[in-house]
Structures are given as structure tokens and as C-alpha cells.
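Peer 1: Each chain is listed here by its residues.
Number of protein chains: 4
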Amino acid sequence: MKENNWLVLEKKIKFGDCDSAGVIHFHNLLRWAHESWEESMEIYGINLKEIFPSMKYDTKKIFPIINCEANFLYPIEICDNLKIKILPKKINNHIFAVNTTFCKDKIVVAKAKLMHCVLDIINRKKVDLPESLELWIEASNINNKIESC
Amino acid sequence: MKENNWLVLEKKIKFGDCDSAGVIHFHNLLRWAHESWEESMEIYGINLKEIFPSMKYDTKKIFPIINCEANFLYPIEICDNLKIKILPKKINNHIFAVNTTFCKDKIVVAKAKLMHCVLDIINRKKVDLPESLELWIEASNINNKIESC
Amino acid sequence: MKENNWLVLEKKIKFGDCDSAGVIHFHNLLRWAHESWEESMEIYGINLKEIFPSMKYDTKKIFPIINCEANFLYPIEICDNLKIKILPKKINNHIFAVNTTFCKDKIVVAKAKLMHCVLDIINRKKVDLPESLELWIEASNINNKIESC
Amino acid sequence: MKENNWLVLEKKIKFGDCDSAGVIHFHNLLRWAHESWEESMEIYGINLKEIFPSMKYDTKKIFPIINCEANFLYPIEICDNLKIKILPKKINNHIFAVNTTFCKDKIVVAKAKLMHCVLDIINRKKVDLPESLELWIEASNINNKIESC
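As given, the protein sequences belong to chains A, B, C and D, one line each in that order.
Taking the numbering used here, I'd label the letters of the first sequence as residues 0 to 148.
Taking the numbering used here, I'd label the letters of the second sequence as residues 0 to 148.
Taking the numbering used here, I'd label the letters of the third sequence as residues 0 to 148.
Taking the numbering used here, I'd label the letters of the fourth sequence as residues 0 to 148.
Worth flagging that the hints you see were computed from the coordinates, not collected in a lab.
Take these hints with a grain of salt, some might be off.
For identical chains, the list gives no copy identity; a pair is met inside one copy or between any two copies.
[Unchecked claim] Calculated pairs, SDA-like style, for lysine to any residue (alpha carbon to alpha carbon, straight line, at most 20 Å):
1. K103 x S53
2. K124 x S139
3. K10 x E34
4. K103 x I141
5. K103 x L47
6. K110 x E130
7. K10 x E41
8. K10 x E38
9. K10 x Y43
10. K82 x V126
11. K124 x L72
12. K60 x K125
13. K88 x E68
14. K124 x E76
15. K125 x D104
16. K48 x S131
17. K60 x I136
18. K125 x L6
19. K11 x P74
20. K82 x E130
21. K103 x V126
22. K59 x N142
23. K60 x L72
24. K103 x L8
25. K10 x R30
26. K11 x E38
Remember, it's a predicted structure, so these values are computed and weren't measured experimentally.
Produce the complete structure using the sequences and hints provided.
Peer 2: What follows is the structure in C-alpha cells.
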């Protein structure tokens with residue numbers, strides 16, 4: 000089932016990700032955390048066009064971030080190959096968190112956490128998580144018990 | 000009329016704009032060119048919420064970029080204070096260009112050009128420039144004749 | 000002393016800051032928090048070229064972020080004018096935090112916190128805060144007691 | 000030799016790449032052009048740590064961009080899978096260009112061109128292309144004759 004694994008991704012650090020201190024400019028890590036969330040859902044089988052708003056598709060819910068956090072444990076530098084491990088958690092019916100752990104050669108170099116709420120796209124009231132997201136979270140938590148960084 | 004001048008703006012280079020070669024990472028210049036266009040229109044008196052699409056406002060036209068170009072003449076470094084001079088040109092009824100010149104201590108260090116077309120937001124067909132943009136372009140060209148970097 | 004105030008800054012939201020959900024893409028807030036820190040130090044009188052590494056200046060210390068966090072309380076949209084209030088805190092001899100509060104029409108719409116450590120640029124060992132940063136933190140804490148959003 | 004192909008890469012459009020008009024925010028294309036250049040060199044076998052400056056490695060040359068250009072032919076939207084084709088050209092002993100073509104379902108949707116010069120990292124005078132880059136350009140031009148989008 001290796002090819003279907005939606006919880007361990009990879010990322011290569013690019014020149015433009017780093018600043019003149021020679022390490023990644025910090026907020027890029029949060030961008031990668033979001034992109035990893037997207038990638039994970041897609042590998043799992045969710046059609047992202049049904050998740051994210053665009054002018055063409057009639058999405059009903061949006062997932063704004065209400066809190067995000069990142070910890071930087073070791074320097075991340077150009078050309079580093081990071082392994083990204085994802086673990087989502089349902090907090091309640093309309094809030095979920097996505098935890099991401101960034102590893103370099105088996106060492107955890109950074110962690111990020113994005114907390115999303117689920118809102119109706121029109122009236123911006125809290126609504127329940129869509130079923131596809133519920134399933135992705137459940138499957139991730141079952142699958143995650145047997146994986147390691 | 001100095002305070003109302005919508006054609007000469009300022010920009011201070013930040014740490015995160017630069018890469019490990021110690022100069023701005025090139026594509027940021029194009030971001031500033033776009034932001035300068037926005038700022039110029041707003042100082043001139045255009046309500047940007049009527050120009051750019053959002054979920055709340057009922058905009059009718061969009062302005063996708065069909066071509067962009069930038070020239071880098073001298074290094075741009077952290078803490079540099081740039082003066083940005085703007086000169087738009089109407090190309091035809093549905094295409095216009097925004098030229099930006101970036102100066103440091105009276106020396107031109109970079110130039111950028113963004114070429115936009117005007118499309119109907121629904122059917123994506125070419126439509127005429129909105130009147131507010133036409134007026135901004137005309138006024139800019141008259142005003143620009145008496146300004147220098 | 001209004002003109003010299005280094006603790007209350009302003010930021011206008013641009014088109015490119017927002018995503019297709021019509022609000023700012025979340026990690027931009029952390030970029031602005033960092034840029035606000037830079038701007039605040041500069042207004043206070045610190046020469047940023049002595050703070051941030053470049054190829055031309057012989058800086059001795061770097062200030063990598065070890066933790067960052069952001070809370071989003073209300074939507075931030077294109078053309079919003081934000082007032083940014085800054086409050087730094089010294090944690091110990093080699094760690095400090097910069098708190099930023101983003102207000103729209105007197106309402107707090109978001110908060111960010113960047114925690115930096117101070118390292119020797121060569122051997123990457125922990126070192127004391129530079130004197131200029133110590134003074135900026137002290138002055139900010141005295142000044143902040145008489146300000147409000 | 001499919002696995003070793005350094006001239007045709009892939010890119011998936013993310014939510015954060017797009018703006019509220021529902022298409023990619025234009026300057027991201029130039030970021031991808033640069034990242035594709037990096038990725039291509041690396042797949043070919045160049046050690047990027049010898050190419051890009053950092054605090055740890057003793058690079059001798061830098062490759063600032065002197066001109067960049069992009070053309071947008073068709074909308075690029077979230078979840079689009081782009082195929083990126085690269086073709087570098089040596090202009091003279093110290094200038095080279097990297098052309099990138101972005102295809103969606105065999106249709107060219109955008110093109111970018113980055114023109115780099117080669118400078119000594121210390122005195123910033125023009126110097127010759129490093130041998131590794133010369134070889135990558137040569138091999139790319141030979142290889143490219145038998146490839147198509």
C-alpha cells in the first residue's frame with residue numbers, strides 16, 4: 000500500500016525559500032504545511048475542486064484557518080530533502096487541526112499545526128465538516144498508528 | 000499637489016524579500032509592480048473593491064496579466080529605499096500596460112512591465128476597459144509629462 | 000512624539016495577499032509580523048544593516064525564529080487598512096518575542112507572535128541580545144503602557 | 000532513460016498559488032520557472048550546494064537574473080497538473096537563458112524566460128559560466144531535439 004500513502008510526503012528546499020541567513024524564511028514552513036494538507040487529501044482521493052472555492056465550481060463550505068503555529072528545532076537549508084508526516088485531528092463538529100512534522104534524515108527539524116474551522120461560504124456561519132474530510136481524518140488516524148517518521 | 004501624486008510611490012526592501020545571494024529574490028519585483036499599480040489607482044481615487052473580485056462585491060470585469068517583464072540593472076538590497084515611478088499605457092480597447100521604474104538614489108535599478116487584458120468575469124470574453132481605468136490612464140499620461148524620477 | 004512612534008504601524012491589504020476564498024492567505028500575516036518588527040526597529044533608530052546578514056556587512060549575530068503563532072479572529076479582506084500594534088518581550092538573555100496585534104476599525108482581527116533566539120553567526124551558539132535590541136525592547140515596554148489600539 | 004529526464008518536470012497548482020480571480024497569481028509562474036531550473040540541474044547531476052550561495056559552502060559565482068519575462072496564454076487554476084518543459088540557451092560566456100514552457104493537457108498555457116548573468120561572488124565582475132552549467136546546457140540542447148511537450 001506504499002503508493003497510496005497519503006500521510007508521508009516529501010519536499011525539497013529551493014533557493015528562493017531561503018533568506019540571507021542561509022536557512023528557510025520561516026513562514027514558508029506554514030505554506031508547506033497547507034500544501035501538504037492539500038496533497039494528502041488528494042492522494043487519499045478527495046477532489047480538491049470540491050473543497051476549495053473557485054469561480055467555476057459550486058463549493059458550499061470554506062475552511063479558514065483560525066490558528067496556526069510552527070516550531071523550528073534545527074536549521075532547514077537549501078537542497079534539504081524533508082519528509083513530511085501528517086496527522087489530522089477532529090476537534091469538534093466544525094473545527095479540525097492538521098499537524099505536520101518535518102524530518103531530515105530521521106530527525107524532526109520542524110513542526111507545524113493548522114487549525115481550521117468550517118463555514119458556510121455564503122452566510123459564514125459554522126457548519127459541520129464535509130463527509131469527505133471526516134473520512135480522511137478517520138482513515139489518517141487509523142493508518143497513522145502503524146507509521147513512523 | 001504633491002500629496003495627491005499617484006505616480007511616484009515608495010518601497011522599503013525587507014529581510015524576507017532577499018535571498019541568500021544578498022539581493023532581492025527576482026520575482027518580488029513583479030509583486031511590487033502589481034502592488035504599486037493598486038496603490039496608484041487608489042491614491043488617484045478608484046475604489047479597488049470595484050476593481051478586484053471578492054465574494055462580497057459584484058465586480059463585472061477581471062484584469063488578468065497576459066505578459067510581464069522585468070529588467071534588473073543594479074543590485075537591490077535589504078533596507079534599500081526605492082522610489083517607484085508608474086506610467087500606464089492604453090494599448091487598445093481591452094488591453095493596457097503598466098510600466099514601473101524602480102530608482103535608488105536617482106539611479107534606475109530595475110524596470111517592470113505588466114500587460115493586462117480586460118475580460119468579462121462570467122464568460123471570460125474581451126470587454127472594454129472600465130471608465131475609471133481609462134481616466135486613471137489618461138490623467139497619468141498628462142501628469143507624467145512634468146515629472147521625473 | 001506621534002511621528003516617532005515605532006509601535007503602531009499601518010498595512011493595506013493587496014489583491015495578491017488574498018486567496019480564492021476572498022480573504023488573506025493565512026501565512027501572509029506572519030510575513031507582515033516580521034516586516035512590522037523590522038519597520039519598528041528602524042523607526043526607533045536601529046540600523047537594520049547591522050541586524051540582518053548580507054554579503055556586504057559584517058554582522059555577528061542572527062535571530063532565527065524558534066516558534067511562531069497566529070490567531071485569526073475576523074476576516075481580513077482586500078483593501079482593508081490594518082493598524083498594527085507591536086509589543087516585544089525579553090524572555091531571557093538570548094530569547095525574545097515580538098507580539099503583533101492587527102486591528103481593523105478598532106477591532107482586533109488577528110494576532111501574531113514570533114519568538115526569536117540570538118545565535119552567533121559563525122558557530123551558531125546562543126549569545127546575548129545585542130544592546131540595540133535590548134534598548135528597543137525596554138523602550139517599547141515603557142512606551143506601550145500609554146498607548147492603545 | 001525516462002527516469003533520468005531532466006527537461007520535463009511536473010507541477011501541481013495549490014490553493015495558495017491562486018488569487019481571488021480564481022487563477023494563479025501571475026508572479027508565481029516565475030517562481031516555478033526558477034524552481035524548475037534548480038530541479039532540472041539537480042536531476043542532471045549538479046550539486047546545487049556548489050551553485051547557490053549559503054553560509055556553509057564556499058561558492059565562487061552567483062547567477063543573478065538580469066531579465067525575466069512571462070506569457071500567459073490560458074488560465075491556470077487550482078489542481079491543474081502542469082508539465083514543465085525546460086530549454087536553456089547559452090547567450091555568451093557569462094550570460095545564459097532558461098526557457099520554460101508550461102503545458103496542460105498538451106496545450107501550452109504559459110511560457111517564461113529567465114536570463115542570468117554569471118558574476119564573481121566577491122567583486123561582482125562578470126565571469127565565465129561554470130563548467131557544470133555549460134555541460135547541462137549542452138546536454139539539454141542535444142536531448143531537447145528529440146522531445147516534445
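Peer 1: Look at each hint and say if it fits the structure.
Peer 2: The hints, checked one at a time:
no.	hint	in the structure
1	K103 x S53	between (35 Å within a copy, 18 Å between copies)
2	K124 x S139	neither (27 Å within a copy, 39 Å between copies)
3	K10 x E34	both (10 Å within a copy, 12 Å between copies)
4	K103 x I141	neither (25 Å within a copy, 36 Å between copies)
5	K103 x L47	between (28 Å within a copy, 17 Å between copies)
6	K110 x E130	neither (27 Å within a copy, 31 Å between copies)
7	K10 x E41	both (16 Å within a copy, 14 Å between copies)
8	K10 x E38	both (11 Å within a copy, 12 Å between copies)
9	K10 x Y43	both (18 Å within a copy, 18 Å between copies)
10	K82 x V126	neither (33 Å within a copy, 31 Å between copies)
11	K124 x L72	between (37 Å within a copy, 14 Å between copies)
12	K60 x K125	within (9 Å within a copy, 31 Å between copies)
13	K88 x E68	both (15 Å within a copy, 19 Å between copies)
14	K124 x E76	between (41 Å within a copy, 17 Å between copies)
15	K125 x D104	neither (41 Å within a copy, 24 Å between copies)
16	K48 x S131	within (12 Å within a copy, 34 Å between copies)
17	K60 x I136	within (17 Å within a copy, 39 Å between copies)
18	K125 x L6	neither (27 Å within a copy, 35 Å between copies)
19	K11 x P74	within (14 Å within a copy, 27 Å between copies)
20	K82 x E130	neither (28 Å within a copy, 32 Å between copies)
21	K103 x V126	neither (38 Å within a copy, 26 Å between copies)
22	K59 x N142	neither (29 Å within a copy, 47 Å between copies)
23	K60 x L72	between (35 Å within a copy, 18 Å between copies)
24	K103 x L8	within (12 Å within a copy, 24 Å between copies)
25	K10 x R30	both (12 Å within a copy, 16 Å between copies)
26	K11 x E38	both (15 Å within a copy, 9 Å between copies)
The structure does not agree with the numbered hints 2, 4, 6, 10, 15, 18, 20, 21 and 22 stated previously, though it agrees with the rest.
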